[in-house]
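Please put together the full structure from these sequences, using the hints given.
Chains as they are written, first to last, in the working numbering: chain A, 1 to 293; chain B, 294 to 586; chain C, 587 to 879; chain D, 880 to 1172.
In short, the hints are calculated from the structure, not lab data. There could be a bad hint or two in this list.
[To be verified] In silico DSS-like pairs for lysine-lysine, Cα to Cα no more than 27 Å straight-line: (1) B/Lys308 / B/Lys423; (2) A/Lys248 / A/Lys130; (3) A/Lys15 / C/Lys808; (4) B/Lys515 / B/Lys541; (5) D/Lys894 / B/Lys541; (6) A/Lys222 / D/Lys1009; (7) D/Lys931 / D/Lys894; (8) C/Lys808 / C/Lys834; (9) D/Lys1101 / D/Lys1127; (10) D/Lys931 / D/Lys1009; (11) A/Lys52 / A/Lys15; (12) C/Lys638 / C/Lys601; (13) B/Lys345 / B/Lys308; (14) A/Lys248 / A/Lys222; (15) B/Lys515 / C/Lys808; (16) C/Lys834 / C/Lys716; (17) B/Lys308 / D/Lys1127; (18) C/Lys601 / A/Lys248.
Number of protein chains: 4
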Amino acid sequence: NPPPLVVAILGNGSKPQVHDHAQRIAQAIQARPDLRLGPIDLSDSTDLSDLKADVALVLGGDGTVLHTSRRMAGHPVPVVGVNMGRLGFLTESTPEDLINRLDDLAARRFRIDHLMTIRGELIPFAGDPKGFERSEVFRGLNDVVIRAAPEFHILEIGLRIDGERVITYRGDGVILATPVGSTAHNLSAGGPILPQDAQMFVVNPICPFTLSQRPLVDAAHKTYELENLTDRAAVAVVDGQRQFPLLKGDRLRVRRDASSLPMVRLPGHSFYRTLRDKLGWGLSPLENLPPHR
Amino acid sequence: NPPPLVVAILGNGSKPQVHDHAQRIAQAIQARPDLRLGPIDLSDSTDLSDLKADVALVLGGDGTVLHTSRRMAGHPVPVVGVNMGRLGFLTESTPEDLINRLDDLAARRFRIDHLMTIRGELIPFAGDPKGFERSEVFRGLNDVVIRAAPEFHILEIGLRIDGERVITYRGDGVILATPVGSTAHNLSAGGPILPQDAQMFVVNPICPFTLSQRPLVDAAHKTYELENLTDRAAVAVVDGQRQFPLLKGDRLRVRRDASSLPMVRLPGHSFYRTLRDKLGWGLSPLENLPPHR
Amino acid sequence: NPPPLVVAILGNGSKPQVHDHAQRIAQAIQARPDLRLGPIDLSDSTDLSDLKADVALVLGGDGTVLHTSRRMAGHPVPVVGVNMGRLGFLTESTPEDLINRLDDLAARRFRIDHLMTIRGELIPFAGDPKGFERSEVFRGLNDVVIRAAPEFHILEIGLRIDGERVITYRGDGVILATPVGSTAHNLSAGGPILPQDAQMFVVNPICPFTLSQRPLVDAAHKTYELENLTDRAAVAVVDGQRQFPLLKGDRLRVRRDASSLPMVRLPGHSFYRTLRDKLGWGLSPLENLPPHR
Amino acid sequence: NPPPLVVAILGNGSKPQVHDHAQRIAQAIQARPDLRLGPIDLSDSTDLSDLKADVALVLGGDGTVLHTSRRMAGHPVPVVGVNMGRLGFLTESTPEDLINRLDDLAARRFRIDHLMTIRGELIPFAGDPKGFERSEVFRGLNDVVIRAAPEFHILEIGLRIDGERVITYRGDGVILATPVGSTAHNLSAGGPILPQDAQMFVVNPICPFTLSQRPLVDAAHKTYELENLTDRAAVAVVDGQRQFPLLKGDRLRVRRDASSLPMVRLPGHSFYRTLRDKLGWGLSPLENLPPHR
Chain A
1 NPPPLVVAIL GNGSKPQVHD HAQRIAQAIQ ARPDLRLGPI DLSDSTDLSD LKADVALVLG
61 GDGTVLHTSR RMAGHPVPVV GVNMGRLGFL TESTPEDLIN RLDDLAARRF RIDHLMTIRG
121 ELIPFAGDPK GFERSEVFRG LNDVVIRAAP EFHILEIGLR IDGERVITYR GDGVILATPV
181 GSTAHNLSAG GPILPQDAQM FVVNPICPFT LSQRPLVDAA HKTYELENLT DRAAVAVVDG
241 QRQFPLLKGD RLRVRRDASS LPMVRLPGHS FYRTLRDKLG WGLSPLENLP PHR
Chain B
294 NPPPLVVAIL GNGSKPQVHD HAQRIAQAIQ ARPDLRLGPI DLSDSTDLSD LKADVALVLG
354 GDGTVLHTSR RMAGHPVPVV GVNMGRLGFL TESTPEDLIN RLDDLAARRF RIDHLMTIRG
414 ELIPFAGDPK GFERSEVFRG LNDVVIRAAP EFHILEIGLR IDGERVITYR GDGVILATPV
474 GSTAHNLSAG GPILPQDAQM FVVNPICPFT LSQRPLVDAA HKTYELENLT DRAAVAVVDG
534 QRQFPLLKGD RLRVRRDASS LPMVRLPGHS FYRTLRDKLG WGLSPLENLP PHR
Chain C
587 NPPPLVVAIL GNGSKPQVHD HAQRIAQAIQ ARPDLRLGPI DLSDSTDLSD LKADVALVLG
647 GDGTVLHTSR RMAGHPVPVV GVNMGRLGFL TESTPEDLIN RLDDLAARRF RIDHLMTIRG
707 ELIPFAGDPK GFERSEVFRG LNDVVIRAAP EFHILEIGLR IDGERVITYR GDGVILATPV
767 GSTAHNLSAG GPILPQDAQM FVVNPICPFT LSQRPLVDAA HKTYELENLT DRAAVAVVDG
827 QRQFPLLKGD RLRVRRDASS LPMVRLPGHS FYRTLRDKLG WGLSPLENLP PHR
Chain D
880 NPPPLVVAIL GNGSKPQVHD HAQRIAQAIQ ARPDLRLGPI DLSDSTDLSD LKADVALVLG
940 GDGTVLHTSR RMAGHPVPVV GVNMGRLGFL TESTPEDLIN RLDDLAARRF RIDHLMTIRG
1000 ELIPFAGDPK GFERSEVFRG LNDVVIRAAP EFHILEIGLR IDGERVITYR GDGVILATPV
1060 GSTAHNLSAG GPILPQDAQM FVVNPICPFT LSQRPLVDAA HKTYELENLT DRAAVAVVDG
1120 QRQFPLLKGD RLRVRRDASS LPMVRLPGHS FYRTLRDKLG WGLSPLENLP PHR
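As structure tokens, then:
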């Protein structure tokens, strides 16, 4: 027999109900000989890069999973997302579901999807006297977005893929998204849905001037470079959570990260069912008929 | 005192429940001294151009209202649309609602919206020996659509407004819609929502090649001409209900019709509430959150 | 005989060639008995609300016309936009064109289009101790846009039209555009093209979460109210030129302004020709064929 | 030394200039000891499944390459597309270019991209007495499209991927496209651009009722099944060139074909340059500025 699976409980402790659910789940785990309770950490800033667990339950929304995965840095533990409100793409279980599925967890009846993540760096413009301090390295699970701020103005952003000039965007900004991020900001901006296990990026302009500029999908093994060609500053936003300035001539160089986010997929997991639920596709045809056709 | 309002009952008699509802409503009308029951006609092809009534209840879906208004031709009677299933843009009452609102009807507590309709003619290509027979005049409430059929091929369609050349579309087809039709096919094709009482047309290409071709709104008092420039035949479809061929060089000339469709609006009517219901806008923000942003 | 038309010359004097062109045009005007040269003002901040002229030539781009019309405040003089680079929607003449068209101008062979403008006010949230100072009144010709800044986050914005609740947007922001503004930011965000003389507004969400939220057109005589329902601050941007914060509970109340921008339309003016040129519709079909269909 | 490369010349002989270009190219090939002229066939229906050549020049447009590759069936010869008019995605050389590049061809300085193709079958509805005769097997390079014909009506089409129910589309139709086809009909219908060497399909509804239905990308190793759930007939169109009816309950089962289309890529080939040219991205930013922003 394999040793009992060690299960950590993490989450967004700023929501009061998280503590209750964490406790209930912890008790259910402790009641079983075939699971072992690992660390419980509902804070939001502990370093999780050395978490001692086989699996981490993350209580919160998709944003909590994004934030937690960021804190695990290069040593990610497979995650089960547990949502107390509306289910999400990364948080497909309710606390009750999860408690009912502990048998599957204990028996290791699950597969692990390795979700692609982004590794990017900010390369300050040539000759920037503060270039050294301004250098940035970042990781993301969803996307990196370039947009104008603090003042609104039109951005001009050049895209190169593997060093080849692809396009110069002019407009409100650009989204570079992973497959997981394809159903977030990218979808609102008219981009396509990619399956979570794809090894692709999507590059999608936000409100482009040139009306023929459309979302572009390309392979994840390539290197993507976005350069701010605008005379004024822009900002880069990673996963909607982290933001830093992008001056004229600054470049973002983005690649697939060597480490991915391992997600535990219990039996019955279905990306398309989640999609139908979240996008209202599952309504009966009579229920979402558009007007009088 | 004004004489009692005369109320006709029309509808799509091919649906069995329509007969029951018509009977219940007829009884409720007959029970009141301040309303008088007019003709009941649940057939689908009688000539309604001489209907003796002040108001016509139309039982069915939005398609039934379209079809009925077509049969009233130039002498439309104000319509109350009554839907037995899902409410529509032209059928905003249930039978129960309506019976509860007979007081408002009898007291003439309603306003009438005059919905713009289309009058079009097919002008056969110059020199067509069968031109005379092929001439067509049509009326529509929603839209006229040009598309390829029976064989699929790419259409080239020229648009003139008041004689001025505006654009040549290339693609799957073109929609010319009224405000009422703006929430039908036009909306699916990426077009804007116009308020039902606007005096505007929207012209919207279907899957255009030239990616910068976008929906165009212009005034209802102008004359719109769409010409089939393709070497092969296309078809014109009016309100999704009537279809005829459009040969190379044939033109559709479309204007606002002199007669409009009068719709009875009982107190509390709200276009935007219907829109929220039908397009799922009314969901609480938490309920239609897209994934993990 | 009417007195000679008085022609002022305004423009964006920060571009060096503007001075040369202004001088050439001034000489051509002075050479004619049937025109009289009015003030020449190439500065960018003079008060123009008391400009002594029948017609004002504005040298620059569309942005210069926007800015100049703002400075004319409530006493606009009919404008001829003169562009030295690429023609625009508000700047349809080159300097050469214009000099060749002085006959038309002198003979008053032109019509004047009154372009609808926006009058808006910022209504600070109820109970704001600084509410009085924060009040703002603004005028615009293109649009007012609400967007997140300085930090990026998701906005929740409620729209009321004539006091009726219409929709709650969630996403990157909202654009409220005039017909002239419909071909600017609104077009990039997927909105429709309105003719410049329409009396309509278009309200268009930027990257909406709820994928069924689409551009909405409604009448210009109504009052539009946009409320920031987000917990964090947003900004309002008028014509891409003026920006101010919008705190939680703040509202923008927008109406058609009593005064419009009068644009001189010389014979041969065509909105659709400009549209074809600027959006690349005028290319021969063979030249903008999309790939292999 | 390797033996001289054998070069066949194929093409669309119904265009007169094709014959002249074919002759010029044939002479240039014959003049070289390091190339050998293979068959010349400008007919449009010969069986090409046993073509004796190392490389086939195909003179015509992208449609000619599609048609020719179909005729090569299971034994495709690497193709160089040669276009006499506007360059295409599959026809990136002019005759002059090609003659200048014979050195590269002879020295075998090229790589071969294996473009994914579709293999589909029509599975008639269960119990169809004519099911056996109606069975169809088809191959495609671009796409298979389901649409209403000959009468226009709304389609309801179910999609399964690897047997899992994904979505029911309601609207004008559905496109299932390869990466090469992504820049054709799919792009007009709002779909994303996939790189030609991707191993993915894109499924894209045409004018969907449910406004949240968006283009979906998924892996090429999966099996896609589209079922006509409508009460009336639809048609399937393959590569815009072949069309057959799809009755209620009929299914299209589509997979990546075992054989791909080998395309010769001479040095300097760039998908993105072709994209920029064809979609007008390559214009200088000043040249395709949208109006007055």
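The hints, checked one at a time:
no. : hint                  : result
1   : B/Lys308 / B/Lys423   : violated, 40 Å
2   : A/Lys248 / A/Lys130   : holds, 13 Å
3   : A/Lys15 / C/Lys808    : violated, 42 Å
4   : B/Lys515 / B/Lys541   : holds, 24 Å
5   : D/Lys894 / B/Lys541   : holds, 22 Å
6   : A/Lys222 / D/Lys1009  : violated, 50 Å
7   : D/Lys931 / D/Lys894   : holds, 24 Å
8   : C/Lys808 / C/Lys834   : holds, 24 Å
9   : D/Lys1101 / D/Lys1127 : holds, 24 Å
10  : D/Lys931 / D/Lys1009  : violated, 39 Å
11  : A/Lys52 / A/Lys15     : holds, 24 Å
12  : C/Lys638 / C/Lys601   : holds, 24 Å
13  : B/Lys345 / B/Lys308   : holds, 24 Å
14  : A/Lys248 / A/Lys222   : holds, 24 Å
15  : B/Lys515 / C/Lys808   : holds, 24 Å
16  : C/Lys834 / C/Lys716   : holds, 13 Å
17  : B/Lys308 / D/Lys1127  : holds, 22 Å
18  : C/Lys601 / A/Lys248   : holds, 22 Å
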